[in-house]
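Residue-level listing of the chains:
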Amino acid sequence: MVMTIIGGGLIGLAAVWLFLSLGRVAGISGIAANALLRSRQNLWPLLFVIGLGIGGWIAYGILGARPVESVSFEQSLGLIVGGLLVGFGTRMGSGCTSGHGVCGMARLSKRSLVATVNFLAVGMLTATVMGLL
Amino acid sequence: MSHFSALLAGIIFGMGLVLAGMTDPDKVLAFLTLNQYWDPSLIFVLGTALIVTFVGYRLVGMRATPLFDGEFHAPLATTIDTRLLAGASIFGVGWGVAGFCPGPALVGLMTFDPRAAVFLIAFTLGVLVYERWFSLPSGLERSKPRTADG
Numbered sequence: 020m021v022m023t024i025i026g027g028g029l030i031g032l033a034a035v036w037l038f039l040s041l042g043r044v045a046g047i048s049g050i051a052a053n054a055l056l057r058s059r060q061n062l063w064p065l066l067f068v069i070g071l072g073i074g075g076w077i078a079y080g081i082l083g084a085r086p087v088e089s090v091s092f093e094q095s096l097g098l099i100v101g102g103l104l105v106g107f108g109t110r111m112g113s114g115c116t117s118g119h120g121v122c123g124m125a126r127l128s129k130r131s132l133v134a135t136v137n138f139l140a141v142g143m144l145t146a147t148v149m150g151l152l
Numbered sequence: 031m032s033h034f035s036a037l038l039a040g041i042i043f044g045m046g047l048v049l050a051g052m053t054d055p056d057k058v059l060a061f062l063t064l065n066q067y068w069d070p071s072l073i074f075v076l077g078t079a080l081i082v083t084f085v086g087y088r089l090v091g092m093r094a095t096p097l098f099d100g101e102f103h104a105p106l107a108t109t110i111d112t113r114l115l116a117g118a119s120i121f122g123v124g125w126g127v128a129g130f131c132p133g134p135a136l137v138g139l140m141t142f143d144p145r146a147a148v149f150l151i152a153f154t155l156g157v158l159v160y161e162r163w164f165s166l167p168s169g170l171e172r173s174k175p176r177t178a179d180g
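Taken in sequence, the protein lines are chains E and U.
Residue numbers 20 to 152, in the working numbering, belong to the letters of the first sequence in order.
Residue numbers 31 to 180, in the working numbering, belong to the letters of the second sequence in order.
I should point out that these hints are in silico values taken from the structure, not numbers from a laboratory.
Hints should not be assumed to be uniformly reliable.
Said to hold, decoys possible - Taking CB as the label site, the calculated pair distances span:
#	chain 1	residue 1	chain 2	residue 2	range
1	U	111	E	92	37 to 43 angstroms
2	E	90	U	69	18 to 24 angstroms
3	U	142	E	152	26 to 32 angstroms
4	U	85	E	92	42 to 48 angstroms
5	E	57	U	64	36 to 42 angstroms
6	U	159	E	95	16 to 22 angstroms
7	E	88	U	165	35 to 41 angstroms
8	U	106	E	20	17 to 23 angstroms
9	U	151	E	147	25 to 31 angstroms
10	U	73	E	95	24 to 30 angstroms
11	E	89	U	164	33 to 39 angstroms
12	E	55	U	101	23 to 29 angstroms
13	U	106	E	149	35 to 41 angstroms
To be verified - With the Cβ distance kept under 7 angstroms, some of the chain U side facing chain E (calculated, not the full set):
#	residue
14	90
15	120
16	125
What the hints assert, rightly or not - Listed next, the stretches of chain E that the computed footprint assigns to chain U, with coverage defined by at least 3 CB atoms under 8 angstroms from CB atoms of chain U:
#	region
17	28-34
18	58-67
19	71-81
20	92-102
21	139-147
Quick reminder that beta carbons are idealized off the backbone N, C-alpha and C, glycines included.
Make a model of the complete structure from these sequences and hints.
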């Protein structure tokens, strides 16, 4: 529980730092799409993404843990279907957990509140129904 | 300096995601699955992140400009339209199936989590399909410069 609160605090701190230093909102689906498609115009999204990896290594070092090292065929099917929908949906809906759920809600954006309630409810419904199957 | 700032923001964000448990899709699915094993801890991740960001944005909003840019770039769109609702719902289904959202998946890829690699190949395809056939002509980046209001 302590770690989840420290983790949440760091996420908030990173979002505030990006806004203070570059005036940018930390919406990762948008940053990822720009890093992927438009790095030549703007380098900062790619650097943010590289930072995510470095931060991940540091945190796994602190925890003395590693991510799992294998993935089953059955699990891969879910990851592929989920990945397609998350890629498409976050672009169409202009944001994901970070952009709408953290940054947009902190800006008191009605769009982000509606989006966050929507994807949380649909995500819970989907996972719960999948758990029953 | 601005490049270093972006890198630093990514590092702090990535650490936060791992420490919070967001990079473990099993933990995320245990939060999204409402049954007798429900794990509510991720509510505290979102809650803490939201409080820190809310306060921080207000403090930053007192400045005329960011430290290393001429202006703030907050999203301008305000209308709640079908694209927002449909997009968020499609994202929600994908999140509920896979247990990954984009940030944790990127951290996972770079820390050699094979689940994240599989997810991100499909994610990239989903982004490209949207951008190629479904994006609005002016919808590539719905963000224009404006002065700070948080």
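Structure-based check of all given hints:
Checked against the given bound of 37 to 43 angstroms, the beta carbons of residue 111 (chain U) and residue 92 (chain E), roughly 39 angstroms apart, stay inside it. The hinted range of 18 to 24 angstroms is satisfied by residue 90 (chain E) and residue 69 (chain U), whose Cβ atoms lie roughly 21 angstroms apart. Range check, residue 142 (chain U) to residue 152 (chain E): about 30 angstroms between beta-carbon atoms, so the 26 to 32 angstroms window is met. Look at residue 85 (chain U) against residue 92 (chain E): about 46 angstroms separates their beta carbons, and that is inside 42 to 48 angstroms.
Checked against the hint of 36 to 42 angstroms, the C-beta distance between residue 57 (chain E) and residue 64 (chain U) comes to roughly 39 angstroms, which is consistent with it. At roughly 19 angstroms, the beta carbons of residue 159 (chain U) and residue 95 (chain E) sit within the given window of 16 to 22 angstroms. Checked against the given bound of 35 to 41 angstroms, the beta carbons of residue 88 (chain E) and residue 165 (chain U), roughly 37 angstroms apart, stay inside it. Look at residue 106 (chain U) against residue 20 (chain E): about 38 angstroms separates their beta carbons, and that is not inside 17 to 23 angstroms.
Taking the beta carbon of each, residue 151 (chain U) and residue 147 (chain E) are about 27 angstroms apart, inside 25 to 31 angstroms as hinted. At about 29 angstroms, the beta-carbon gap between residue 73 (chain U) and residue 95 (chain E) stays in the expected band of 24 to 30 angstroms. In this structure the supplied range 33 to 39 angstroms holds for residue 89 (chain E) paired with residue 164 (chain U), their Cβ-Cβ distance being about 34 angstroms. Hint check: residue 55 (chain E) to residue 101 (chain U), Cβ distance near 25 angstroms, so the stated range 23 to 29 angstroms holds.
A hinted range of 35 to 41 angstroms holds for the C-beta pair residue 106 (chain U) and residue 149 (chain E), which are about 36 angstroms apart. Taking 7 angstroms as the C-beta cut-off, the interface hint given for residue 90 (chain U) holds, the closest approach to chain E being about 5 angstroms. Because the closest C-beta pair between residue 120 (chain U) and chain E is about 3 angstroms apart, less than 7 angstroms, the hint holds. A hinted interface residue such as residue 125 (chain U) counts as satisfied when its beta carbon comes closer than 7 angstroms to some beta carbon of chain E; here the least separation is about 4 angstroms, so the hint holds.
Under the rule that three or more residues need a Cβ within less than 8 angstroms of chain U, the assignment of the region 28-34 of chain E holds, with 7 such residues. With 5 residues having a Cβ less than 8 angstroms from any Cβ of chain U, the region 58-67 of chain E passes the three-residue criterion, so the hint holds. Beta-carbon proximity to chain U at under 8 angstroms applies to 10 residues in the region 71-81 of chain E; the threshold of 3 is reached and the given coverage holds. Only when three residues or more bring their CB closer than 8 angstroms to a CB of chain U does the claim for the region 92-102 of chain E stand; here the count is 8, and the claim holds.
Residues of the region 139-147 of chain E lying with their CB closer than 8 angstroms to a CB of chain U number 9, which satisfies the three-residue condition for coverage.
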